[in-house]
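Participant: Here's the letter readout for the chains.
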Amino acid sequence: MNYFIQQVLNALGWGSIIALLAVGYTMTFGVIGLVNFAYGEVFMIGAFAAYFAVTVLNLPFWVGILTSLIGAIVIGLTIERTAFKPVRGSGMITLFITSLGASIIVRNLSIMFFDDNLKNFKVPKFYSGVYLFGDIIILKKNILILLITITFCIMLVYLVKNTKLGIAMRGISYDSKISETLGVNTERIIIITFIIASFFGGIAGILWGILFGSIRASMGAIPVVDAFIASVIGGVGNVFGAIVSGYILAIGSSLFIAYLPSELVGLKPLFIWVVFFIILIFKPSGLFRANIK
Amino acid sequence: MILVKKIIEKYILTVGLCFLIFYLLEKLLTGFWLTLFLLFGINIILAISLNIINGWIGFFSIGHGGIMLVGAYVAAFLTIPTSFKAGIINLHLPAFILNIQIPLLPALLIGGVFGTITGIILVLPAIRLRGFYFCAGTLGFNIIMTTLAENFPKITNGPMGLRDIPSYTNIWWVWGVAIFLIYITLILKKSYIGRAFISIGKDQYLAEHMGINLLKYKIYAFGISAFFTAIGAILWIHLILNLFPTAFDLTFVFNVVTMIVIGGMGSISGSIIGAAIVTFFVQVIAPIEEGFIFFGFQVPQALGLTTVFLGVLLIVMLIKRPEGIMGDREISFNFLKGKK
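Keeping their order, the protein sequence lines are chains U and P.
The letter at position 99 of the first sequence is residue 99 when you use our numbering, and the numbering goes up by one with no holes.
The letter at position 298 of the second sequence is residue 298 when you use our numbering, and the numbering goes up by one with no holes.
It is worth saying that the hints were derived from the structure and are not from the lab.
A couple of the hints might just be wrong.
Unchecked claim - Derived pair list, reagent style EDC-like, types lysine to aspartate or glutamate, alpha-carbon separation capped at 16 angstroms:
id : chain 1 : residue 1 : chain 2 : residue 2
1  : P       : K154      : U       : E263
2  : P       : K202      : P       : D328
3  : U       : K85       : U       : E187
4  : P       : K189      : P       : D328
5  : U       : K268      : P       : E150
6  : P       : K190      : P       : D328
As the list claims (entries may be wrong) - Not the full set, but computed from the structure, chain U residues with beta-carbon under 10 angstroms of chain P:
id : residue
7  : T94
8  : S103
9  : I104
10 : I105
11 : R107
12 : N108
13 : M112
14 : L267
Nothing here was measured: the structure is a model prediction, and the numbers come from that model.
Where is the CB? At the ideal position from N, CA and C, for every residue including glycine.
Construct all of the structure, not just a fragment, from the sequences and the given hints.
Facilitator: Printed below as a string of structure tokens:
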């Protein structure tokens, strides 16, 4: 039983990253119907901006957080302006392929410039250390990551549910043309959506650095797929569903690995894809209500 | 009778001309240019077989890498010399596979059949997904196959991969298969089956109301596509001479997708044009990736430049001309004269 609890607790950090990214996915998906595969690159650039500020230039950590968020927002908006805006409205598949292309471009460029080796991500001493409860070990950084994630997610759920901006977003998500005739500035709302999504990507990038202590140029490839599946399972466009299913997926795959013979540990990606197929075939709208945020 | 005679003359002439051209090319081309020409042929095979799904049926698959992987592994185990197979210690395969080495043609057919079975296994669950969910599902199939190949070293030798694959690929195999594929797809496009495929792509519910059995024709399309995709992959590994689980990953499939998007979805001539453009640019940019000296200035190594370039090409194409160079038209005599 202790082993089970330990595995669940260990998965919380990873689950938070997946949940944050899934939220970003679900936002862009809900508002303009875009499955943004380039989102993993936004996340990666966020982590690299923090890395350059903190480790290379030796600036304090809060400057790192700031540069990370600015970097993520800049790259997110650049991709949106150059790649997605011109093909908006030409179908989901075209948008999907465009985002795949943008993702591959940014990833290969960053591998070209920063190479693909692991880079040491310096975090303040405060984040390391453990709590002990009998046999169970809880990493301090896991708790911290969980708290940060929950805080931001509650803020976002409040924003989407209760503010004028959130109502405009939901309106565009239902029907962008009608909400435009009703006086919603669609273009502005889309840009704000991308800024929020990139903001979450930047935070996830820093949290990844804190959690693993190292970053690399191709790190966006795996969490982006997990987060995408989490957003589909949660019901696309549903922020709360995305958060919950992000944690469910992370804890599930952690347990899947924990109870598998040790030579089959590499089968981790299999779990999320099997879940994905089962959900899509038997409950295509996701675990939670889709299209209502 | 005159018509029949004319048709016979036409075919004999075409086949004879092809033979002559390939014979001359075999004598003339060497080294880099020969490889380029072979890659061009293989890319045509891959692009056209992907186009049957993505262009005609209208289901955007990016999971053909999994099919390629199955076909390539099956064929590789059949053609690799027994000495190499004996050298791998933890390989647990039936003895008859370890003890045979067969020529390319049966390996192509067996690999193709296994590829077809994989394609049909893929399509049965994936057929229920719509639009981009199908994309995502096939992407998942690709990742699942790569993961399985990496994690079952008893069957696939794991991440170590297979080497010592005999160099069987030559102009005759590649271009024989390519011309055969072009021919049958051109025939297919005018036949009942091909028109059924295209009508499913335009509107599948309308097609169903017109009396087309959706499941049956989707399975047909995936079968044909998977068979030739597997053959293309087998020819590829017998040219590259090694096989790793990540050989046919998303980047590889992305190249093929770029070909058909550039050329035009649903057009066979478009696929050929797209294959030509992509092959040419990849092989021309590849030397630049290694770094070179330009007027005394050392240009640094830039690995991944080809992929970046293809990505830019794809996005520019989707923005400026979403239907591709050819759209869904074909090059024919009427087309060259400017008629529709």
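Participant: Take the hints in turn and mark each one as holding or not.
Facilitator: Here's how the hints hold up against the structure:
Restraint check for K154 (chain P) and E263 (chain U): satisfied, since their Cα atoms lie roughly 11 angstroms apart, inside the 16 angstroms limit. Taking the CA atoms of K202 (chain P) and D328 (chain P), the gap is near 12 angstroms; set against the 16 angstroms cutoff, the hint holds. Distance restraint check for K85 (chain U) and E187 (chain U): the Cα-Cα separation of roughly 10 angstroms lies within the 16 angstroms cut-off, and the hinted pair is therefore satisfied. Distance restraint check for K189 (chain P) and D328 (chain P): the Cα-Cα separation of roughly 11 angstroms lies within the 16 angstroms cut-off, and the hinted pair is therefore satisfied.
The suggested pairing of K268 (chain U) with E150 (chain P) holds, with an alpha-carbon distance near 12 angstroms, which does not exceed 16 angstroms. Under the criterion of a C-alpha separation no larger than 16 angstroms, the hint pairing K190 (chain P) with D328 (chain P) is consistent with the structure, at around 13 angstroms. For T94 (chain U), the interface hint holds, since its Cβ comes within 10 angstroms of a Cβ in chain P; the closest pair sits about 6 angstroms apart. Interface hint status for S103 (chain U): upheld, as the beta-carbon distance to the closest one in chain P is roughly 8 angstroms, under 10 angstroms.
Interface hint at I104 (chain U): satisfied, since its Cβ lies 5 angstroms from the closest Cβ of chain P, which is below the 10 angstroms cut-off. Satisfaction of the interface hint for I105 (chain U) is found here, the shortest Cβ-Cβ separation to chain P being roughly 4 angstroms, below the 10 angstroms cut-off. Annotation: interface hint on R107 (chain U) holds; nearest CB of chain P at approximately 8 angstroms, less than 10 angstroms. Proximity of N108 (chain U) to chain P holds as hinted, the smallest CB-CB distance being about 4 angstroms (cut-off 10 angstroms).
At its closest, the beta carbon of M112 (chain U) sits 5 angstroms from a beta carbon of chain P; the interface hint therefore holds under the 10 angstroms criterion. The criterion of a C-beta within 10 angstroms of any C-beta in chain P is met by L267 (chain U), whose closest approach is roughly 5 angstroms, and the hint holds.
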